[in-house]
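Got chain A; can you put chain B on it based on the hints?
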Amino acid sequence: MGRYLPYLAFGLLALGLACIGLFADRFVLYLTMRVMLLSIFALGYNILLGRTGLLSFGHAAFYAAGSYGMALFYLHINPDPLMGILAGVVLAVLVALVIGFFCVRHTEIYFAMLTLAFGMMVFSLIWNLRDITGGDDGLVGIGRNPFLGFSIAKDSRFYFVVMFFFMLTVWVIHRIRSSAFGLVLAGIRENHQRASFAGISIKRYRLAAFVISGAFAGLAGSLGAMLERNTDPFSAHWTHSAEPVLVSLIGGLQTFSGPIVGSVVFVVLREIIERFTQNWMLWFGLILLVIIMGFRGGAMGSAERYLVRYGTKFREEGSS
Amino acid sequence: MISSLLKVENLSKAFGRVVTADRLNFEIHAGQITSIIGPNGAGKSTLINILSGTLPADAGRIFLQGREITGLPTHRRVQLGLCRSFQVVNVFPELTVFENIQIPVLGIVRKAHHVFRALHGETGVADRVMEVLEELNLDERAQSPATELSHGDQRLLEIGIALAVKPKLLFLDEPTAGMNPVERVETLETIRRLSATGRTTFVIVEHDMDIVFSLSDRVLVLHRGDIICDGTPETVKNDKQTRECYLGEEVME
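Protein chains in written order, with my numbering: chain A, 1 to 320; chain B, 321 to 573.
One chain only, chain A, in its complex shape (with noise of 0.2 Å):
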């Protein structure tokens, strides 16, 4: 039973997404489209924070690497959506191997102030490379030419395009966190020290662990810019890669679904304390603060505590 309950989780979710594609609205639609972005933004992303202990402010150099990677492809290469894709996201991967070559030497503080400064380097680049990346105005016009033959210019079209690589990405994730590698990142995570005596290259398995999430970052970046039609430089800023960490620590660190459940709370709190009043930021700062103070493990670790202290008890009831 046990063992199947992921595939029924997994089936359970795609048929849920496309009901949402299905029945659902533009504005929901897009609201969707936006959770699941940051959603594989931040799955990828926990990879690194959640597994391999390492807390990355730089991860919007990597989602902005796919959004201009494939923006650029689709403007002066090929127009072909799938192939843009795949240009951004190849694109991140070697921003990522660069920097997190540097990067992963160290740990803790100097690991984020790196990645800090690396981050503000690139948005500091696509800010003045004004002939390349059209500077503050960002790319635009980028069209969205037939996925695999199908037409996908129509939103409710390619919310399908969004939803299988979100659903792609919810499997790879899923198939690492339970691969020798997922172990071997949390022994790194729990004593690095004693892991390189492990007869294991700490460095190498960082770096990896740091372009695999800079890879899931390049995806969102590259889906992001076809779902806006341009891009946008803020999306390379310092303030951007501090989402992920937001909701890896609402949604739980330590959790698989941690960050999918995150994205949700995060878009649309934002979207209704945004209806109400112009500070946004006030009034979901107070929420996140009771989030962190209250839920430790954030909303999935919590549940799962419970879900085992209410396990032990029933058991316990069950035999006396």
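For the record, the hints were derived by calculation from the structure and aren't laboratory data.
Errors might be hidden in some of the hints.
Below, in silico cross-link-like pairs of lysine-lysine (DSSO-like), each with a Cα-Cα straight-line distance of 27 Å or less [stated by the list, open to error]: (1) B:Lys486 - B:Lys327; (2) A:Lys203 - B:Lys488; (3) B:Lys327 - B:Lys557; (4) B:Lys431 - B:Lys488; (5) B:Lys486 - B:Lys431; (6) B:Lys488 - B:Lys327; (7) A:Lys203 - B:Lys431; (8) A:Lys203 - B:Lys486.
The following block gives chain B in isolation, referenced to the frame of chain A:
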């Protein structure tokens, strides 16, 4: 014939003016339990750190089974068969006992980089993990998180992590520190039993003289970065210089 497992040539290390290893030359022989003793600050821990790759040496060369390992990073030395345990509990706290052993097994069979293959399908790895746990009588606790073990069991688990990489040479840094007398006797028995199988050669750094003299075949006495005595426990017990600078009253009484 006694074969040389580890060979150290002219090894030197100094921190500023403090010399912790002064042109050390020695060999470790396979199958012998060797102890390294010396007063605090004699350079015992530094020596282990240099040999296992955590600290670089200032000068000198290290050979493992005739192969030079002087410049190799820690994980390469581990893969070649040199491992260590630590003075303080040093396990993967939030992982289960099983996973604690699984990581080094994966590291040594070179499967740690498998990104997509499901871990529960690696039955060969699982068998090897259970083998190690059974050797240490920890098999019943396999699914508990490491933090839930008693202090003594955590130390045992740590030796297990080191043994899981099938080291030819294993440094144990004060293996019984913080244990109660019962756990201590059990641990010593375990070390003796494992040593007798001949798969792993143990080098022990210890303060407790009872342990050193009852367990070792050979004792090295380190003082201010220099080996001042090298021989059987009997030789060392009767060595004048050693008694002066280290053993003191404990043996003379």
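Checked hints:
Between the alpha carbons of Lys486 (chain B) and Lys327 (chain B) the distance comes to roughly 20 Å, so the proposed pair stays at or under 27 Å and holds. Straight-line distance between C-alpha atoms of Lys203 (chain A) and Lys488 (chain B) comes to about 25 Å, which keeps the hinted pair within the 27 Å bound. Taking the CA atoms of Lys327 (chain B) and Lys557 (chain B), the gap is about 25 Å. The hint holds against a cut of 27 Å. Restraint check for Lys431 (chain B) and Lys488 (chain B): the C-alpha separation of about 20 Å stays at or below 27 Å, so the hint holds.
For the hint linking Lys486 (chain B) to Lys431 (chain B), the alpha-carbon distance of about 15 Å falls within 27 Å, and the restraint holds. Our distance criterion of 27 Å between C-alpha atoms is met by Lys488 (chain B) and Lys327 (chain B), whose separation comes to about 14 Å. Straight-line distance between C-alpha atoms of Lys203 (chain A) and Lys431 (chain B) comes to about 17 Å, which keeps the hinted pair within the 27 Å bound. A distance of roughly 23 Å separates the Cα atoms of Lys203 (chain A) and Lys486 (chain B); the hinted pair therefore holds under the 27 Å criterion.
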